[in-house]
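Peer 1: Just so you know, the protein sequences line up as chains A and B, in that order.
Going by this note's numbering, the first sequence opens with residue 1, and the numbers climb by one from there.
Going by this note's numbering, the second sequence opens with residue 1, and the numbers climb by one from there.
Hints are computed from structural coordinates only; laboratory data are not their basis.
Each hint should be verified, as a subset may be incorrect.
[Claimed, not checked] Here are the simulated EDC-like pairs of lysine to aspartate or glutamate, each with C-alpha atoms no more than 16 Å apart in a straight line:
#1 A/K78 to A/E62
#2 B/K79 to B/D7
#3 B/K79 to B/D39
#4 A/K78 to A/D57
#5 B/K45 to A/E102
#6 B/K2 to A/E83
[Stated by the list, open to error] If the Cβ cut is set under 8 Å, some of the chain A residues that face chain B in the computed set are:
#7 L43
#8 A72
#9 T76
#10 P81
#11 P84
#12 F91
#13 E102
#14 F105
#15 P107
All C-beta atoms, glycine included, are put in the ideal place defined by N, C-alpha and C.
What follows is each chain in one-letter form.
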Amino acid sequence: DAGVIQSPRHEVTEMGQEVTLRCKPISGHNSLFWYRQTMMRGLELLIYFNNNVPIDDSGMPEDRFSAKMPNASFSTLKIQPSEPRDSAVYFCASNFGARGGEQFFGPGTRLTVL
Amino acid sequence: RKEVEQDPGPFNVPEGATVAFNCTYSNSASQSFFWYRQDCRKEPKLLMSVYSSGNEDGRFTAQLNRASQYISLLIRDSKLSDSATYLCVVNRNTGRRALTFGSGTRLQVQP
Chain A
1 DAGVIQSPRH EVTEMGQEVT LRCKPISGHN SLFWYRQTMM RGLELLIYFN
51 NNVPIDDSGM PEDRFSAKMP NASFSTLKIQ PSEPRDSAVY FCASNFGARG
101 GEQFFGPGTR LTVL
Chain B
1 RKEVEQDPGP FNVPEGATVA FNCTYSNSAS QSFFWYRQDC RKEPKLLMSV
51 YSSGNEDGRF TAQLNRASQY ISLLIRDSKL SDSATYLCVV NRNTGRRALT
101 FGSGTRLQVQ P
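Just chain A, with the same shape it has in the complex:
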């Protein structure tokens, strides 16, 4: 039974480049969450979707970040242009129903912006 799938697992890019992170939630889940984790700030919620609709994007750092969920099985997080301070591990998580229920995390994308 596949869990949350994220790609790529590692991404190294240069400042100013566009970065696109991808996530496939667990089949049947209707909520999807994007998090960013750094040593300094811990795990931060960036945005979450319910039934493909963005519900709370107050954690998105700035206009350089955007997220989409075109259908129930796919979401993207895009950073354009990327900056060195965006270097972090980006996790996608999903669950069914309640906001506060157990969330199942993907393995994460480790992003390094040079």
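Put chain B on the given structure of chain A with help from the hints.
Peer 2: Okay, now just chain B, sitting in the frame of chain A:
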């Protein structure tokens, strides 16, 4: 002030020891509480939910004190495999926000 605060540790304990972590939360409207475990360079995974009356799962006991707004996790008979970071998580169950994660407490169990 952070919404969820934890002592970052590390807690270095010998095998077989009992260790306890505390976590405080600032929003009295918080309704749901969890402990997640995160191994080095891995994703967080749910360890256990925390219920008002306290709950136990094997060697792990979680307690909630709403009056003082803190949550605790007790691990008995520590194993090497318990070495990880333990994240305290709260949810208000109101408004638009989802789960809020603490920064985690690192545990290192030594042989």
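Peer 1: Give a verdict on every hint.
Peer 2: Okay, the hints, checked on the actual structure:
1. A/K78 to A/E62: This hinted pair holds, its Cα atoms lying about 12 Å apart.
2. B/K79 to B/D7: Violated - the C-alpha atoms of B/D7 and B/K79 are around 21 Å apart, more than 16 Å.
3. B/K79 to B/D39: OK: B/K79 and B/D39 at ~14 Å, within 16 Å.
4. A/K78 to A/D57: holds (14 Å)
5. B/K45 to A/E102: holds (9 Å)
6. B/K2 to A/E83: violated (25 Å)
7. L43: holds (4 Å)
8. A72: Given a least distance of 18 Å, the restraint on A/A72 is violated.
9. T76: violated (19 Å)
10. P81: violated (27 Å)
11. P84: violated (21 Å)
12. F91: Status holds, d = 6 Å.
13. E102: holds (5 Å)
14. F105: holds (4 Å)
15. P107: holds (6 Å)
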